[in-house]
Structure formats: C-alpha cells, structure tokens
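Line by line, the protein sequences give chains A and B.
Everything in the first sequence is counted per UniProt numbering, starting at 1 for the first residue and increasing by one.
Everything in the second sequence is counted per UniProt numbering, starting at 1 for the first residue and increasing by one.
Mixed in with the good hints, there may be bad ones.
All copies of an identical chain are treated as equivalent in the list; a pair is satisfied when it fits inside any one copy or across any two copies.
With a straight-line Cα cutoff of 35 angstroms, these simulated DSBU-like cross-link-like pairs (lysine-lysine) come out [unchecked claim]:
(1) Lys-360 to Lys-115
(2) Lys-220 to Lys-346
(3) Lys-49 to Lys-346
(4) Lys-49 to Lys-360
(5) Lys-49 to Lys-27
(6) Lys-22 to Lys-220
(7) Lys-49 to Lys-115
(8) Lys-85 to Lys-346
(9) Lys-346 to Lys-360
Since the hints were made in silico from the structure, they are not lab data.
There are 2 protein chains.
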Amino acid sequence: MENAFSDRITDVPKSFIREILKVTIDKSIISFAGGLPNREFFPVRGLQKAAHDVFEEAGHEILQYTNSEGYPELRQFIADRYRQKDGLDIPVEDILITTGSQQGLDLLGKIFLNKGDDLIIEEPGYLGAIQAFSLYRPRFSPVPVHEGGMDTTALAGVLRERQPKLLYTVTNFQNPSGISYTNENRHAVADLMQGRTCLIIQDDPYGDLRFTGYRKISFKQLLPDNTVLLGSFSKTVAPALRLGWLVAPRPIMEKIVVAKQAADLHTDYLAQRILHRFLLDNDLDTHIASIIRQYGQQKEAMINAIKTYFPANVQCTNPEGGMFLWVTLPEGASSMQLFEMAIAKKVAFVPGTPFYVDRKDSNTLRLNFSCSDESTIVEGIKRLGDSINQLVDN
Amino acid sequence: MENAFSDRITDVPKSFIREILKVTIDKSIISFAGGLPNREFFPVRGLQKAAHDVFEEAGHEILQYTNSEGYPELRQFIADRYRQKDGLDIPVEDILITTGSQQGLDLLGKIFLNKGDDLIIEEPGYLGAIQAFSLYRPRFSPVPVHEGGMDTTALAGVLRERQPKLLYTVTNFQNPSGISYTNENRHAVADLMQGRTCLIIQDDPYGDLRFTGYRKISFKQLLPDNTVLLGSFSKTVAPALRLGWLVAPRPIMEKIVVAKQAADLHTDYLAQRILHRFLLDNDLDTHIASIIRQYGQQKEAMINAIKTYFPANVQCTNPEGGMFLWVTLPEGASSMQLFEMAIAKKVAFVPGTPFYVDRKDSNTLRLNFSCSDESTIVEGIKRLGDSINQLVDN
C-alpha cells in the first residue's frame, strides 16, 4: 500500500520525542526529557469518589451518546473561571470540549488550512502543534520567542511579506522554552495583528501553574473576534482523561462543530461528568496551589544546580511557571551530540531540534523539572554539566 | 473570518440528522429517528465497580499520559475475541484504540485521501463515514447495496473506470439499511478487489448484535493485507466512553499512529482501563445475549406492524441484527415530504437522503428499532402507515 498514502502523511516525520523516550525507559537514567505532569498530584481519591457519585446520580445518562459540544455544566465551569481569572465574559455556546487540547489543534488545522497557507509558529515552538498543523501542509513562518515574548520586529517582517491565516502562541511558560509574553509584548503583538484576518490561537495548558509574577492579559481581551483559546485539564487535574477545550467566536465554532462530529462525534462523556463532579466537590485552586509549590521548588533547584554545574557561557531561561526550561549552549555546540554523551552518563533531555520547523541540529535543549525531586535534579544537572564541559572542551 | 476557512470545511454541509433530532426533542413524538443503543442495557453497576477497582489498583497510573496505540491488555482482549469469533490471528501491535470508531474513519481519510482520490461508498451508506471522508475531498463512487450485500456488477463497473483507494463497507446489519453481505457476496467482492491497491475498510459496529443466521467470513480472512477492520464497544457496552479500535497491517499502522498522535495523543486512558476491568469481571457474550433478545423482539414487532399497517407496495429490509431497517416507498414518493406529514402525527424517522452522496430527495427512509418498546413500535408504525397512505393517495 506504500504508494497509496496521502501526500499529507508522507510528509510528516516519525515523532522524534517518541524515539527519545524509548531510550529513557531504562530506570537508571535520570530523565528531564519527558513532558509529563507529576503523577503524585493526581487527585486519585477525589476522582474515584466523583466516578462513584456520577454513576449513582446519572448512571444511564452518562453512558449514552451526547452532543458534540460537550457537557454544558462543564463548559459553564470553564466560562466562570475565565470570568473570575481573566475578567472575560464568554458564553457557554462559544466553548467546545475537546479530546485533549491537542484535538483543538487538529480541528483548527482542518477548518482553516489549505495546502501552502501561511502559518506563524513560535521558534522554538510546541512540537505537538507542529505535528498537528503539518498534516494540513501549511507554509510555516517561524518567529523567534525569547524571555518576554515574541520578537515583534520579526513578526512585523513576516506580516509584511506574507498573509498568514493563523498565529499559534503559547503565551505562558511556553513548551519548550518556559518563556512568557509580558503585557507590553502582548499589546505589541495585538497591535501588529489588528485589522488582519489572521487568527491568534492562544494555547494555554500551563497558565494556572504560575510560581511567581502576576497573570497577564489575554489576547481574547485585546482582539476578541480574532482569538481562539485552547485550554486543558491535563496539567491541573490529570492528562489521561483527555479533556481540553476550545473557545471560538460563533462563525468559527459552527465549522469546528462540524469537524468535531466527523472526528469523534464527541469527547468521552463519562470522563466529562466525572471531572465536572470532581470540580464541584473540590477546590481546583487549592489543588493547583499544592502543585505550584512543588514545581516551583523543583524549578529553583534546577536553576541553582545549573548555576553551579554548567559552564558560565551556557544560558538558561528562568520560567515563572510551567514544567520546562530551555538551555542554550555556546554557538555551534550540538545538542544532539550532547544527548549521546549525556545518555552515557545516564541523564536524558530533549535536544532543541524538533521544536524548530527547519533544523537538523541546534545548540538548545529542553529540560523538564516537574517529574524529578530536588536531589535527583541536582544529581542530573551535575551529570549534564559534566557532559556539557566534555562537549565544549572537545 | 468567513473567507479564511479551508476549502475542505466549506464543502461540508451541516449535519442533517442533527437538525432532525432537534425536532424529536419533543417527548410526545415517537422517534425512530435516533441511532442510539438502548440505555436500559448499559452496565451501570458493572462499570461503576470497574471504575472503583481500577482507581484502587492503579490510581496514579491510570491518570497519566500513555502510549498512542492504547492499553495493551485491552488490545489483547480484542485480539483474543477475533481469534475466538472469526478464527483471525491478529497481533496486538496491529490494533490501535480509537476515540470511537468514528475516529478510525477520520484517521484513514487523513492518511490515504488526497483531494479527488476515488473512494467507493455503499449506497445507501453510513452518514458518519460520508461526513468524515468528505473533509478530505475525495470523489465518491457509490455502489448500491441490497439484501445480500454489494451489487458486484456495479462494483466491477466502478473498478473498470476508476482507481479507488478505499472501499468502505459495513458488512453486518448496515447503517442505515440493516442489510448484510452473504458469504458468497463477500467472496465475490474479494475476487473483484484481489490484486488491487484499493484498501477495504470493514466497519463492524453491530456485528455482535446478531438475532438470527450465522457469523460470516471477514474480509480480513479473504484479503488480509488489504483490509482494515474498525470495531466499537459503543453498541455492546456503552457509547459515552468513545472506545473503538482499528486493525491495520503494519505499514498502515505506522502512519495511523503518527496521525493519531497529532489528533489527540491517545484515547482516554481511564476509560480504557475501566472498560478492560469490566470485561475481565463480566462475560461480554452473556451481556450481549440480553441485548440481542430485546432488540430481536423489537425488530420482529416492527416488521409485523409494517406488514399490518404499511401499504403492500412499500418494501422493507428484514435485518438479521443491528438497530435499523430500511423502508422503500413506491417510486417517486418523497420521504422528505413524508417526514413533514409524520411529524404532524408525532412520529419521526430519518429520510434516506443524507445516506446518499448525491441526492436531494429519495423514496427511502431509516427506522431505528433499538430504542422503543414493542407497544410504542406498533403505535408509531401505525401512525407512519397512516402518513404513507396519505402521501401515496395524494
């Protein structure tokens, strides 16, 4: 069947991270490679009780087919939270429950992208978005991000030369880099986007996991008609349930619902009801506070260990939240080569390469700090520092 | 944003059934329009206990991200069942858990169809498949099906003129028509497909719901390298969990996994674990036997009522299983017009039109018999008979 495949799938490479994670199955390896939330914080008892209770209350109903948009009361919870956290007034009809926020990316690609359409992606950018959009064969326009947000000079340059349909952003504690957009940067980006037909996709899986600083303005406030929000319960409750959401203006939502029906009819309704019950009976912010406390300490431990063990000419970001930080080696150093050396010392990370749409190697790497305790972090960074010294000395 | 949408979504009409189902929300209407399994048979207690038990046994594990292919032991259960029921020896690696079998259709469209590629679809055919495939903009070649299976003369004609990439079939108790392919018909179809690069998609959501007759041979036995199987727990356990599966030869599975990752990373793992626990602790065939008994009686009631109340020149199929039967009015009669008249008498069905890829009206209609008790069925068919007499007399 080899020659029968569609052009879109033939173009997509096998997941690089998948291959890397295979290496890290070895339990003796200290892995900063994963992108997982820390399982210690999964509310096992709370979800178990919620499951029991929804079966008691509505056993037959929660097992039947339901509407494609998702459980109205769960969508109401999400709307209430936007009001409370961001001062946004979002009607329930503008919210759709997705099978993880990953599905939101696929649906948006599906309803917007013709082959060759221009799409702005952050550089470095979220790998899952690159993969999802790649299937619709856009032309990627990468725009660099750094501490403080998107490079607006580069963005202005792209907007002068191209007519992008979509601008994909992870404005808080970005995956992979950990950077956040300042309010000034958000305003500057919005000013450049004003009056265009380009849609801003603001993907915010980590926004609630803020250790320091204050909550920033949403593009939905700045450009309400041209912004789609993606959100997720994967990092605040649990990822296995695959519960995310998408907020879109009415004309876009109509098309999204058609694509959603064709994709999976609706997202697991039992899971929606269990989660909603859990959210009624437990305070999400109290739960999140305990996650933040530990992730924040682990991030500090990693930053401090990097200061101690990495050569002075290696840079790293200092995220205000989330799960990742980003390391930049001296110009010309290969993070792919470093990966081989680090594995020999039994420490793993993800080389920066797959987070760019157009590179074969890079001097950057992503480190995850959510899944290792502080002493493991110190030991892992020490080993990684040794590997970097070895690489740079060569 | 109107002009910014992709060509593929602009081409897809709004769901017709969705609009019809809105009419039937009125509780005083007897509805044969839905496509739902009967909620009385949802194993509420069994799934509640399974949920409790998996949280006890593996609470943290079942809430974490997992692999895209799905829970190996659930896939093993599916493999064992194929061995037991069909004598098929399918390796676990060839099975992927999908977010409902609907997702299987989307993934197959995604990895196979370029715009304009030829695709054979049954006429009438499953609406969800027409919708899912439409997004990839194929050229549909409808081939009629009738009692006994696919029209092989018409199939041979299409194969002479076109180079289809996919042949989509629902071989048992088809949605919408209720027809099944005989063994002879399966062999005849397979003979025509032999030696071609065209892939047969055998979608079998209803196969286990057989009231009479015997299990038929699978295309997977006839053309193993060119057959993809889709299956679902929606009609045998419960649809809300959105748990289906896809069986594909290795080279196809590799591409499917890439598309699956991009679509939703993986299917709800909590749901997979709950279902697997339920299947370990309960005998699925015993459960299915109780469903079959009732659906079979309801189908008989509907067939008998049709004989009593419909004019003699109206035909209907007599399914050996499943949830639907198919009515053909005299030539030239409009099922859309009948729908309006029937709603006035407070009985609903789905006109045949949306099950064809190219018609604005038809003299056919789909009746669901899984969700109404026998006395309701008799009353509803009586009213529908009145409406048909009224229509035909006009």
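Which numbered hints fail: The structure conflicts with hints 2, 3, 4, 7 and 8, although it agrees with all the remaining ones.
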